[in-house]
Amino acid sequence: MVEKVVLLFNEVLDKRFEHEGEETVKIFSKHITKMIAQSYKDSPKELSFVLKETIAQSIALEIENNKDTMVDSLYPIMGSMVSKYVSQAITELMQNINTKIDDGLSIDTYKRKIKSKMTGVSEMELLIKEGGKAIISSLFVIQKESGLLIAEAQLQDKEVQDPHMVASMASAIKDFINDWVNQHETQDEVQILSYGASTLYIESAGSVYIVAFLDKDPEYELRSKINAFFASIVSEYAPFFRTFEGDDSAKEIEKISAKMQKYLALQQCKIKPHKKQNYAKYFGYGLLCLYLIYLGYRGIIFYKESSLESKVMEQTGQQVSVHYENNHIILEGHVSTISQLNQIEAITAQEEKYPIYNYLSVSQKYLIDTEIKRLHTKLRLLSKASKIKDKELIAQNKILSTRLEDTNNIINKIKNNLLLETYSFEQKRDKIKMKIASSLEKVFEESPFYKVTYQSLGFQDLNLFLAGHSKYNMKAMKVLQNNFEKYMEVLEAYSPYIERIVIEGHSDSRGEEAENIILSKKRALKVRSALLQTKIIKMYNMQSLLEIEVFGSQDIIKENGVENPNASRRIEIRFELKNNEVLEKLNKIIK
Amino acid sequence: MIRKKILLLGDFSVGKTSLVRRYIDGAFDDKYLTTIGVKIAKKYFDIEGVDYELIIWDIEGSTPSKKIALGYYKGASGAICVADITRKETLEGLKEHQKIFLNENPKGKVVIAYNKSDLLSEAEKSKISLDSNTFFTSAKDDSGVEEVFLRLMRQMIV
Ligand SMILES: Nc1nc2c(ncn2[C@@H]2O[C@H](COP(=O)(O)OP(=O)(O)OP(=O)(O)O)[C@@H](O)[C@H]2O)c(=O)[nH]1
Ligand SMILES: [Mg+2]
Numbered sequence: 001m002v003e004k005v006v007l008l009f010n011e012v013l014d015k016r017f018e019h020e021g022e023e024t025v026k027i028f029s030k031h032i033t034k035m036i037a038q039s040y041k042d043s044p045k046e047l048s049f050v051l052k053e054t055i056a057q058s059i060a061l062e063i064e065n066n067k068d069t070m071v072d073s074l075y076p077i078m079g080s081m082v083s084k085y086v087s088q089a090i091t092e093l094m095q096n097i098n099t100k101i102d103d104g105l106s107i108d109t110y111k112r113k114i115k116s117k118m119t120g121v122s123e124m125e126l127l128i129k130e131g132g133k134a135i136i137s138s139l140f141v142i143q144k145e146s147g148l149l150i151a152e153a154q155l156q157d158k159e160v161q162d163p164h165m166v167a168s169m170a171s172a173i174k175d176f177i178n179d180w181v182n183q184h185e186t187q188d189e190v191q192i193l194s195y196g197a198s199t200l201y202i203e204s205a206g207s208v209y210i211v212a213f214l215d216k217d218p219e220y221e222l223r224s225k226i227n228a229f230f231a232s233i234v235s236e237y238a239p240f241f242r243t244f245e246g247d248d249s250a251k252e253i254e255k256i257s258a259k260m261q262k263y264l265a266l267q268q269c270k271i272k273p274h275k276k277q278n279y280a281k282y283f284g285y286g287l288l289c290l291y292l293i294y295l296g297y298r299g300i301i302f303y304k305e306s307s308l309e310s311k312v313m314e315q316t317g318q319q320v321s322v323h324y325e326n327n328h329i330i331l332e333g334h335v336s337t338i339s340q341l342n343q344i345e346a347i348t349a350q351e352e353k354y355p356i357y358n359y360l361s362v363s364q365k366y367l368i369d370t371e372i373k374r375l376h377t378k379l380r381l382l383s384k385a386s387k388i389k390d391k392e393l394i395a396q397n398k399i400l401s402t403r404l405e406d407t408n409n410i411i412n413k414i415k416n417n418l419l420l421e422t423y424s425f426e427q428k429r430d431k432i433k434m435k436i437a438s439s440l441e442k443v444f445e446e447s448p449f450y451k452v453t454y455q456s457l458g459f460q461d462l463n464l465f466l467a468g469h470s471k472y473n474m475k476a477m478k479v480l481q482n483n484f485e486k487y488m489e490v491l492e493a494y495s496p497y498i499e500r501i502v503i504e505g506h507s508d509s510r511g512e513e514a515e516n517i518i519l520s521k522k523r524a525l526k527v528r529s530a531l532l533q534t535k536i537i538k539m540y541n542m543q544s545l546l547e548i549e550v551f552g553s554q555d556i557i558k559e560n561g562v563e564n565p566n567a568s569r570r571i572e573i574r575f576e577l578k579n580n581e582v583l584e585k586l587n588k589i590i591k
Numbered sequence: 001m002i003r004k005k006i007l008l009l010g011d012f013s014v015g016k017t018s019l020v021r022r023y024i025d026g027a028f029d030d031k032y033l034t035t036i037g038v039k040i041a042k043k044y045f046d047i048e049g050v051d052y053e054l055i056i057w058d059i060e061g062s063t064p065s066k067k068i069a070l071g072y073y074k075g076a077s078g079a080i081c082v083a084d085i086t087r088k089e090t091l092e093g094l095k096e097h098q099k100i101f102l103n104e105n106p107k108g109k110v111v112i113a114y115n116k117s118d119l120l121s122e123a124e125k126s127k128i129s130l131d132s133n134t135f136f137t138s139a140k141d142d143s144g145v146e147e148v149f150l151r152l153m154r155q156m157i158v
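The listed protein sequences correspond, in order, to chains D and G.
First residue of the first sequence: 1, per this note's numbering; consecutive thereafter.
First residue of the second sequence: 1, per this note's numbering; consecutive thereafter.
One or more hints might be untrue.
Claimed, not checked - Under the rule of at most 25 angstroms between Cα atoms (straight-line distance), these lysine to any residue pairs were calculated in the SDA-like manner:
#1 K144/D to R87/G
#2 K107/G to P239/D
#3 K43/G to Y359/D
#4 K42/G to A265/D
#5 K43/G to E254/D
As the list claims (entries may be wrong) - Partial list, derived from the structure: chain G residues whose beta carbon lies under 7 angstroms from chain D:
#6 M1
#7 R3
#8 K4
#9 K5
#10 V38
#11 I40
#12 K42
#13 I55
#14 A69
#15 G71
#16 Y72
#17 G75
#18 R154
#19 M156
Since the hints were made in silico from the structure, they are not lab data.
In this text the structure is predicted, and so the values were computed from the model without any measurement.
Note that CB positions come from ideal geometry on N, CA and C, so glycine has one too.
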């Protein structure tokens with residue numbers, strides 16, 4: 001009932017506006033501002049929602065017709081933040097976004113273009129009239145603070161060309177508007193930005209904006225669906241979004257992108273049949289034919305492009321892309337040398353008369369890659385070579401070590417032989433020594449002059465010399481000579497083994513040592529000449545065996561710890577067997 | 001790939017847009033087309049094998065009477081504050097730009113470009129002492145431009 005009345009009332013009002021415009025407007029305008037103010041107080045959200053549609057439309061129209069005046073008149077209302085520059089700035093940014101939204105090859109766009117040509121209705125209008133639901137072509141997650149794009153998903157034939165730039169631009173626009181909104185304490189956040197053929201639906205959540213790129217304003221139903229989807233992403237990844245620092249290698253990004261991509265794909269599945277209906281309704285077969293002709297035209301160009309590309313490939317081995325665009329040829333891609341860059345341009349110039357835009361670049365990455373490859377092979381060769389060297393070294397090492405072993409064996413053998421020889425010789429010598437010792441013992445029996453331990457004669461109690469003198473006592477000398485003859489009689493039997501007979505001269509420790517040495521030498525020499533006179537020496541010609549050794553006071557004789565100078569002043573006689581020294585030398589070598 | 005937002009700040013007509021143009025397109029124009037709002041560009045580069053992309057926000061020149069939306073400053077990792085070496089007041093403005101920037105981005109890095117250095121003689125330049133984060137630049141003669149951007153990147157990476 002109430003509804004019907006309201007409707008009726010509205011109708012009446014509408015009629016009155018039409019026919020008696022001025023009068024009614026006068027009456028209404030008195031109250032309308034009050035009404036608006038009141039309802040703004042009561043429920044600002046609703047009001048803004050109701051007014052948005054009408055106001056936005058009228059403003060847009062007004063701006064279109066009378067840009068500068070409009071902006072100027074808005075200027076005082078919007079405050080210092082909004083100047084005519086501002087609207088221009090936003091326009092520019094939006095324009096940029098539009099050019100970056102690639103609609104160049106989208107089938108929808110061509111349909112629209114053809115239809116527009118045929119019917120004379122502007123593309124824009126067609127776009128608005130085209131029924132059906134809005135389609136989301138891209139989803140962006142943008143970090144609020146920095147405007148950096150965190151993740152994106154796009155429909156294949158409607159890709160935004162440079163998503164990172166567009167993300168920053170969108171966030172710049174949003175930044176600016178929010179700034180203005182804050183200054184004017186309006187509660188509504190701007191959510192929809194439209195310009196030309198693109199609409200951005202922006203939802204702000206925590207540290208990110210999530211932006212949906214659509215072909216028209218989304219309806220309420222779609223908006224709430226989008227919001228629910230956004231909410232699911234934000235609640236799952238909020239901590240990641242907060243800590244994002246521009247690094248796009250994070251694995252979360254892939255997951256988010258995949259999720260959004262799936263969302264986009266699902267939407268397309270639902271919408272397709274609907275689109276087909278529209279297609280049939282609006283264009284029919286004629287359009288299809290035109291479209292096919294167009295495709296044919298594209299086909300020829302495509303053929304030309306690909307034949308040029310393969311020619312370049314043939315002649316230079318480089319994969320580059322060639323495009324025909326507005327009577328230009330565009331060369332794009334990476335080549336490895338600058339000369340190739342020029343060569344490719346020359347090849348293209350031979351084939352086509354169109355001006356060439358050469359956007360080929362020598363890829364640094366490529367250069368570095370080849371350099372790395374080169375180094376790798378070099379390294380491989382080097383390591384191969386070094387392996388060979390290693391093998392050689394190991395082999396040589398083996399040979400050397402076997403040789404070393406051999407030598408060691410030989411040395412050991414020699415050593416053993418020597419040891420054996422020495423051993424047997426020493427055994428022999430010891431036997432002789434023992435024989436001599438036992439014979440001497442028998443001969444000298446109890447004699448006080450024979451020293452059993454050293455097999456030597458010692459004449460310390462003979463008083464042969466007076467202290468300080470080298471003149472000897474004749475009697476004592478006789479005793480010495482007799483004993484010596486007995487000693488030599490034994491030794492003579494072993495003469496081949498005797499190296500020498502040593503006459504040792506000793507003094508006491510009194511006086512200067514130098515004089516003691518001289519004195520003991522004189523005494524030894526005197527004794528030697530006396531002994532040379534003995535019969536036995538003469539008989540067997542053993543003169544050369546007699547040698548002297550001089551000790552001075554080195555070897556004095558002590559009794560109860562006190563020197564007995566008479567005993568110290570003495571002559572001692574001993575024998576030495578042959579080869580003592582030789583043996584010692586050998587021993588040294590072996591050690 | 002690691003992306004970073006950086007800003008070009010400075011009074012109007014000091015050459016912010018020209019520096020970006022020189023850096024990205026390698027070109028220069030004598031005409032003055034004031035930037036409205038913000039112009040966004042990007043530049044790829046790699047340092048020691050890591051890929052980076054700078055998202056460069058070339059912001060309209062500000063003056064005390066025309067302040068910039070703070071939103072532009074947010075979330076930037078670095079800024080190049082530009083002055084026109086032939087206009088004293090733009091040099092004095094540098095401090096203010098730095099202050100606002102660091103206020104919004106306490107961890108942000110700042111380098112300074114004394115632009116239009118081609119208009120000074122060598123003798124005049126030698127009178128001005130520079131610290132390690134300040135550079136003479138000329139978008140016209142292409143001197144110091146790469147260096148100032150590179151310095152900022154290196155600062156941001158450490
Ligand atoms: N001689 C000289 N002129 C320069 C140099 N850089 C910029 N200009 C000129 O200075 C003028 C201003 O340059 P812009 O780059 O537009 O300055 P801007 O800082 O972007 O200005 P706004 O966008 O208005 O803030 C232009 O006429 C440039 O040609 C330079 O290095 N040397
Ligand atoms: Mg500028």
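So, I55/G near chain D? Judge it on the closest CB pair being under 7 angstroms.
5 angstroms, holds
Using Cβ atoms only, decide whether R154/G comes closer than 7 angstroms to chain D, and label the hint accordingly.
Because about 16 angstroms separates R154/G from the closest Cβ in chain D, which is outside the 7 angstroms limit, the hint is violated.
Is the interface hint for K5/G satisfied, with its Cβ closer than 7 angstroms to some Cβ of chain D?
4 angstroms, holds
Hint validation: V38/G versus chain D, beta carbon distance must be below 7 angstroms. Holds or violated?
5 angstroms, holds
Holds or violated: is there a CB of chain D closer than 7 angstroms to the CB of I40/G?
5 angstroms, holds
Evaluation of the interface hint that places Y72/G against chain D, nearest CB under 7 angstroms:
Hint on Y72/G: holds, closest Cβ of chain D at ~6 angstroms, below 7 angstroms.
Holds or violated: is there a CB of chain D closer than 7 angstroms to the CB of M1/G?
At 5 angstroms from the nearest chain D Cβ, M1/G passes the 7 angstroms test, so the hint holds.
Cut-off 7 angstroms, beta-carbon criterion: hint that G71/G touches chain D:
3 angstroms, holds
So, M156/G near chain D? Judge it on the closest CB pair being under 7 angstroms.
Nearest chain D Cβ about 10 angstroms off; hint violated.
Residue hint A69/G, partner chain D, criterion CB-CB below 7 angstroms
4 angstroms, holds
Does K4/G pass the interface hint, meaning its C-beta sits closer than 7 angstroms to a C-beta of chain D?
5 angstroms, holds
K144/D paired with R87/G [C-alpha distance capped at 25 angstroms]:
35 angstroms, violated
Hint check: violations occur at hints 1, 4, 18, 19; the rest are consistent with the structure.
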